[in-house]
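For the protein sequence lines, the chains are A and B, in the order given.
Position 1, counted from 1, in the first sequence is what numbering that gives the first Met the number 0 calls 0; the numbers after and before it change by one each time, with no gaps.
Position 73, counted from 1, in the second sequence is what numbering that gives the first Met the number 0 calls 72; the numbers after and before it change by one each time, with no gaps.
Treat each hint with caution, since some may be false.
Stated by the list, open to error - Chain A stretches covered by chain B per the calculated footprint, using a threshold of three residues with CB under 8 Å from any CB of chain B:
(1) 0 to 7
(2) 125 to 134
Said to hold, decoys possible - Here are the simulated DSS-like pairs of lysine-lysine, each with C-alpha atoms no more than 27 Å apart in a straight line:
(3) A:77 <-> B:58
(4) B:129 <-> A:116
(5) B:58 <-> B:73
(6) A:116 <-> A:2
(7) A:116 <-> B:94
(8) A:68 <-> B:65
(9) B:73 <-> B:129
(10) A:116 <-> B:68
(11) A:72 <-> B:65
(12) B:11 <-> A:72
Since the hints were derived computationally from the structure, they do not count as laboratory data.
Treat the numbers as computed from the prediction; the structure is a model and nothing was measured.
Ideal Cβ placement from N, Cα and C applies to all residues, glycine included.
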Amino acid sequence: MMKHAVRIVQSRILQRLRLGVQLDTDVNASVVVPATRWCSKRMYSEEAHASSTHLDRGNVVARVLNAVKTHQKVDPTKVTESASFQELGLDSLDTVELVMAIEEEFAVEIPDAEADKISSCSQAIEYIAAHPCAK
Amino acid sequence: MAGLIKNLRVTKTGSSSRTLEEAHRRSMDLFREACRALPDIMDRYNLQEVTTLSELRSKIAAEFRKHSKVTNLKVVDMLVFKGQEELQYCIDHSKQRHHLLGQYIIGKEGLAGDIHKLGETDHGESEFLKSFYRGNS
Numbered sequence: 000m001m002k003h004a005v006r007i008v009q010s011r012i013l014q015r016l017r018l019g020v021q022l023d024t025d026v027n028a029s030v031v032v033p034a035t036r037w038c039s040k041r042m043y044s045e046e047a048h049a050s051s052t053h054l055d056r057g058n059v060v061a062r063v064l065n066a067v068k069t070h071q072k073v074d075p076t077k078v079t080e081s082a083s084f085q086e087l088g089l090d091s092l093d094t095v096e097l098v099m100a101i102e103e104e105f106a107v108e109i110p111d112a113e114a115d116k117i118s119s120c121s122q123a124i125e126y127i128a129a130h131p132c133a134k
Numbered sequence: 000m001a002g003l004i005k006n007l008r009v010t011k012t013g014s015s016s017r018t019l020e021e022a023h024r025r026s027m028d029l030f031r032e033a034c035r036a037l038p039d040i041m042d043r044y045n046l047q048e049v050t051t052l053s054e055l056r057s058k059i060a061a062e063f064r065k066h067s068k069v070t071n072l073k074v075v076d077m078l079v080f081k082g083q084e085e086l087q088y089c090i091d092h093s094k095q096r097h098h099l100l101g102q103y104i105i106g107k108e109g110l111a112g113d114i115h116k117l118g119e120t121d122h123g124e125s126e127f128l129k130s131f132y133r134g135n136s
């Protein structure tokens, strides 16, 4: 909501802001004022507005382990940060299902090549922590 | 005018895998595609009251697991193709809500098994007769 409000204010200001243009009749004068004086930080994309788009690591760990624990076949007491999915008694189909559950939890889409590499909790945590769009 | 709204997904022609690993990869790709389509399917058929996303995902995984012992490559390819066809029907709204409820959410155990649990009196039949009535599936 804040970002939306900031955008509205920004667009209103830009609509009303008028830059003074000085016609440089003297061709020899060579001082050019760059327009970037007005924008010290480029606000072109969503990512520029957030100071850091990566999630806090503790948050990522908690949510990934929760997603693993709520899987039907997993014994919640055995789930630790360093457990591999095979140790938890999951076969390849269960692994893919778990990765999809994590995708849904963090609202990201993991490409197939990366998803095949995830076979333990720590790998999943590393991937999500390094993903800039994870929510 | 539903025909003018084209879904982006179409079922492609049958594939031919050369190794078991390739066939396994195809089936996992199908599973991922199905899981990604599940939120749309839940919205389309209003399944939010009946089941949750993770339960539906587990049911789909159980469907895949039924065929986990198959090793014949052509059979695997055929099963993947049928799965893609099924997914296409669900996305296109060619199926109806009661189809999904019966096939996936309640499933065979719910439909046939419950009749036995719902207080049908035991007439002293033998186990043979009971399993005869229950059927082969």
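Hint-by-hint comparison with the structure:
{"no.": "1", "hint": "0 to 7", "result": "violated (count 0)"}
{"no.": "2", "hint": "125 to 134", "result": "violated (count 0)"}
{"no.": "3", "hint": "A:77 <-> B:58", "result": "holds, 24 Å"}
{"no.": "4", "hint": "B:129 <-> A:116", "result": "violated, 48 Å"}
{"no.": "5", "hint": "B:58 <-> B:73", "result": "holds, 25 Å"}
{"no.": "6", "hint": "A:116 <-> A:2", "result": "violated, 36 Å"}
{"no.": "7", "hint": "A:116 <-> B:94", "result": "violated, 35 Å"}
{"no.": "8", "hint": "A:68 <-> B:65", "result": "holds, 24 Å"}
{"no.": "9", "hint": "B:73 <-> B:129", "result": "violated, 36 Å"}
{"no.": "10", "hint": "A:116 <-> B:68", "result": "holds, 24 Å"}
{"no.": "11", "hint": "A:72 <-> B:65", "result": "holds, 16 Å"}
{"no.": "12", "hint": "B:11 <-> A:72", "result": "violated, 33 Å"}
Hints 1, 2, 4, 6, 7, 9 and 12 from the list above are not met by this structure, while the remaining hints are.
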